[in-house]
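The lines below spell out each chain.
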Amino acid sequence: QQQVKQSPQSLIVQKGGISIINCAYENTAFDYFPWYQQFPGKGPALLIAIRPDVSEKKEGRFTISFNKSAKQFSLHIMDSQPGDSATYFCAARGTSGSRLTFGEGTQLTVNP
Amino acid sequence: SAVISQKPSRDICQRGTSLTIQCQVDSQVTMMFWYRQQPGQSLTLIATANQGSEATYESGFVIDKFPISRPNLTFSTLTVSNMSPEDSSIYLCSVTYSGQSQHFGDGTRLSIL
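Chains as they are written, first to last, in the numbering used here: chain A, 945 to 1056; chain B, 385 to 497.
It should be emphasised that the hints constitute simulated quantities derived from the structure, not laboratory data. Please note that the accuracy of each hint is not assured.
Lysine-lysine pairs mimicking DSBU-like chemistry, simulated, CA-CA at most 35 Å apart [claimed, not checked]:
| no. | chain 1 | residue 1 | chain 2 | residue 2 |
| --- | --- | --- | --- | --- |
| 1 | A | Lys986 | B | Lys391 |
| 2 | A | Lys949 | A | Lys1002 |
| 3 | A | Lys1015 | A | Lys1001 |
| 4 | A | Lys959 | B | Lys449 |
| 5 | B | Lys449 | A | Lys986 |
| 6 | A | Lys1015 | B | Lys391 |
| 7 | A | Lys1012 | A | Lys959 |
| 8 | A | Lys949 | A | Lys959 |
| 9 | A | Lys1001 | A | Lys959 |
| 10 | A | Lys986 | A | Lys1002 |
| 11 | A | Lys1001 | A | Lys949 |
| 12 | A | Lys986 | A | Lys1015 |
Looking at chain B on its own, in the form it has when it is part of the complex (with noise of 0.2 Å):
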């Protein structure tokens, strides 16, 4: 399976600034998701990012506050813009290897004072 880098591992921002979260992996990679996952709580799709393409986002999520680049086949990053304690979760950054399986970085954990 591929393995996925995200950075940073976790960080603490205050109230109304933006944060850029880095997703690499080691392979060239069909699909990379962003996904929301909030303490104690399931996945929540954010966004799919395309190659050369503009990011489709889910229900709920604008590329206002979320938006999304994807430069090549291997890295991908998440902003979350205008931040405010809603947004305090974990930011999980997903692929599609080989078209089957779905595998997950180990996540940022972000808090928003």
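In isolation and in its complexed conformation, chain A is listed as follows (with noise of 0.2 Å):
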């Protein structure tokens, strides 16, 4: 299966506030999962990645958390602020090079 599954479709925080979205995968050769984000008109921007070999990476006030046992990936974006406002989209890869296989999206509202 080259599926990702991402939830919520939606989410409204607070700003300063604790966004969470969640992708689950079903291929165990993915070795490869980035985030992008994305505001209107524009193209998908790298976030921030992760490999399988670390739990959890962070970057900022995004951090990654990763669950191989569970084929599961999380961005965690703290501190919430309304310009994180944007579509953010997990993904996955499996040898370098090869297609990323997207999930649905997540339209993050930060409400000031």
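From the two separate chains plus the hints, produce the assembled complex.
Set out below in structure tokens:
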């Protein structure tokens, strides 16, 4: 199976709160898991990525948590800001250079 | 990361016509990809553009409808042929940089009347 399932479809968070977006995959050959942030009128921008040999990766307010046994990974946005309001996509890829499989996307709204 | 420029950024076209979208990268990249993103939806891979060989198309996409060229390591074009309203979408060019991360251009917003 090549699917990556993402939830929730939409998320509303108050400023300063934590935003959590979850993804699950089935293909155990996936070995690279990026998250993309997309603003209206723009292409997806790489936010943060993780490989399955670590359980967590943090860059500023953004953290990926990875659970290899459960085949799940999640994006946590700490101290969420209105400027974080965007659509977020998780993705997964097998051997280097091969196609990315994207989740369905989460529209995040951070209220001031 | 690579700077990826797409042209045109948007266009409105008549049914039955064709449009060629250009993707220019500021450095040589191994892999170039073309995606389609319908409004409010996720990204769907159309094809992988291989330098010096035929593009590799995903299921549901054919060369006659979406011919692709990749004349060198910094440039590719995607043509959307014989367009119909169903082809109204955002078309995105993407590259794999340093064999790892994949980066996207800002896309071409295409409307078919």
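To see whether the hints hold, each was checked on the structure:
no.: 1; hint: A:Lys986 - B:Lys391; in the structure: 14 Å, holds
no.: 2; hint: A:Lys949 - A:Lys1002; in the structure: 22 Å, holds
no.: 3; hint: A:Lys1015 - A:Lys1001; in the structure: 16 Å, holds
no.: 4; hint: A:Lys959 - B:Lys449; in the structure: 46 Å, violated
no.: 5; hint: B:Lys449 - A:Lys986; in the structure: 25 Å, holds
no.: 6; hint: A:Lys1015 - B:Lys391; in the structure: 39 Å, violated
no.: 7; hint: A:Lys1012 - A:Lys959; in the structure: 31 Å, holds
no.: 8; hint: A:Lys949 - A:Lys959; in the structure: 27 Å, holds
no.: 9; hint: A:Lys1001 - A:Lys959; in the structure: 23 Å, holds
no.: 10; hint: A:Lys986 - A:Lys1002; in the structure: 24 Å, holds
no.: 11; hint: A:Lys1001 - A:Lys949; in the structure: 21 Å, holds
no.: 12; hint: A:Lys986 - A:Lys1015; in the structure: 30 Å, holds
When the structure is compared with the earlier hints, violations turn up for hints 4, 6 and for no others.
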